[in-house]
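K.L.:
Chains as they are written, first to last, in numbering that gives the first Met the number 0: chain Z, 0 to 542; chain E, 0 to 94.
Bear in mind the hints are in silico, worked out from the structure with no lab data behind them. Honestly, I wouldn't trust all of these hints.
[Stated by the list, open to error] Label-pair ranges, simulated between beta-carbon atoms:
| no. | chain 1 | residue 1 | chain 2 | residue 2 | range |
| --- | --- | --- | --- | --- | --- |
| 1 | Z | Lys19 | E | Met60 | 35 to 43 Å |
| 2 | Z | Lys19 | E | Val31 | 55 to 63 Å |
| 3 | E | Leu24 | Z | Ala337 | 30 to 38 Å |
[Unchecked claim] The following residues of chain E were derived to be distant from chain Z, with all beta-carbon distances above 10 Å:
| no. | residue |
| --- | --- |
| 4 | Ala15 |
| 5 | Ile34 |
| 6 | Ala44 |
| 7 | Thr53 |
| 8 | His61 |
| 9 | Phe93 |
[To be verified] Rough simulated footprint, nothing fancy, chain Z against chain E, three-plus residues with beta-carbon under 8 Å:
| no. | segment |
| --- | --- |
| 10 | 16 to 24 |
| 11 | 68 to 78 |
Backbone N, C-alpha and C define an ideal beta-carbon position, used for all residues, glycine too.
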Amino acid sequence: MTATPSFYHQSAPPGLTGIKAWLLTHDHKRLGLMYLGAVFFWFVLAMILGLLLRTELMSQGRTIMGSGMYNSMFTLHGVIMIFLFVIPAIPAIFGNFFLPIQLGTDDVFFPRLNLFSWYLFMFGGLFAIISLFAGDGFPDTGWTFYVPFSVQNSKNVGLTVTAAFILGMSSMLTGLNFVTTFHRMRDKRMGLMQIPLFTWSLYATAWVQILATPVISITFVLVVLERFLSIGLFDPAKGGDPILYQHLFWMYSHPAVYIMILPGMGVISEIIPVFSRKSIFGYKAIVWSSMAIAIAGSLVWAHHMYTSGMSDVSVFVFSLLTFLVAIPSAVKVFSWVATMYKGSIEMTPPLLLALMFIYLFSVGGLTGLVLGAVGTDIHVHDTHFVVSHFHFVMFGGTGFAFFAALHYWWPKMFGIMYSFKAAYVGAVLTCVGFLFHYVPMLILGMQGMPRRYYDYLPQYETGNFLAGFGGYVMCLGIVIMFVNLLRSFRQKVPAPADPWGGTTLEWKIPSPPPVHNFIEKPQIMDFPYDFKGVVEQSQQNDR
Amino acid sequence: MDNQDTGHILSYSQLAVVLVILLALTGVTVGVSYIHMGFFNVPVALAVACLKVTFVLLFFMHLKYEGRVIVLSFLSTITFLIIMIGFTFWDVAFR
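Bound conformation, chain Z alone (with noise of 0.2 Å):
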């Protein structure tokens, strides 16, 4: 097997080299790889710009910028972190990789549709990085990009909601590829529930990507035509409404939410039953809690906007559903703790960030019941405590999962495997980091400190001081985690195929994997998480 070459020594379509073999490859795995770069480089300049939002709010008054350059800053941490980051760093990176190999086929259903969604995807970060320097600079409206502000204001929005745009169009084509590859590439043995949960995470959040994004898409053109034509969409005075843009805008925003979720949770699927030696808890159930999450987090989106002066029925309404969405997301979590009950439980740095992502995202759950109770959440909407749940779903639950994604996968997609004690060392001060940083905002937000403020009053200093030590913290790990992972190419201790004991497809063939990935036809197994073999093996060495 070993002397296979690997995708990185054969170009697909065959032929090409050098650059080329990369910026022309209809290769699912050199894409997911591409996407890793140009996400990591997405992500490291949104962090370094939330990190010095927080040092500005660490005191009181001018610390290091002005209110405007402050505005503009939250914005653009808010869309790059958003459309560029969270949105596609799972399904992009991993679910390219991955998906076509754990249905055991050679490649996505579209090759080439897939290498334009990279490039539409470049091709809005670009419009992105122009719209800062265009016109009167980046816009000061948040990510939400709100009316009436957004059409009356001066700055270069019109440019960065086209961005977005592009951008939507990229993961909409995603979701399209992943879709048809599910239903029509899959081994035609596998059936649907002998697919590994991760790759039915991505089919779930596939449909939201498709159903959901031409809404936002369209809601964009229309803020466009409402500041070039004034046409009144969205104005009370021509007869418009502006709720109606909220209503546009969450009817995508929320599902988004779940796109950026649930491709995190199909990892923690994947690393939970390996690590603990033991088969899912429950597979059926965390198959259908990923299909009900994406169909009832689709229904939800106006819990978003119970201050807004929407009517009492549909807050009642929306607060309702809302409250479904817990179901299936407690679902997930009881079935990975109940997976590591009596389990076999080895430590591994993916294990770690995975049991780091089940604390934080319940904690991110939970909070957001506070703010889906209609009650509860006219108390603290647009406070602190919002920003602070948020982060606790988004960085604490995806990003924690695509962290742990990135050491679960690392070997295999590289063929090399990297120090555990750097990699622990990141990933404690990470979350210690993360406490620190999110904990005070959530307390701040109780108190009554408003989110997106530039200046506050006295009482505040001290838990922004917190949140910003905190950030610094946060920091520190990160850069420990990817500087261990980014020496692992210098260190060169090469991967077996299977470094993890893991059953599902990916771990039966070379690492890294070969071209067409599978050299004979994959075996496919009855149960995707049945560990009886990796455990008589694991006992046969120990003997």
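Since the structure of chain Z is provided, determine the placement of chain E on it from the hints.
P.N.:
Same frame as chain Z, now just chain E:
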């Protein structure tokens, strides 16, 4: 995988019949616009438009000949569209 492609090519005559129906329905749309029906003006125009869309989807876009997964996928998109528009109008109705 779930849907083996069975292949289906519509004859020119079948396509022509659909085209004629669509043109006739366009005529109906124009015709009813001259008749004052009060509240029903918009619902009738929308009903005719929906009928035309159905013909396009079934024959020009081959939905009539597709398997269960494709049909279900399409219906799920329609369902979501109905929910999204319905819930938004519902807010306005009770405001």
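K.L.:
Any hints from earlier that this structure breaks? Give me their numbers in increasing order, please.
P.N.:
Structure breaks hints 3, 9 and 10.
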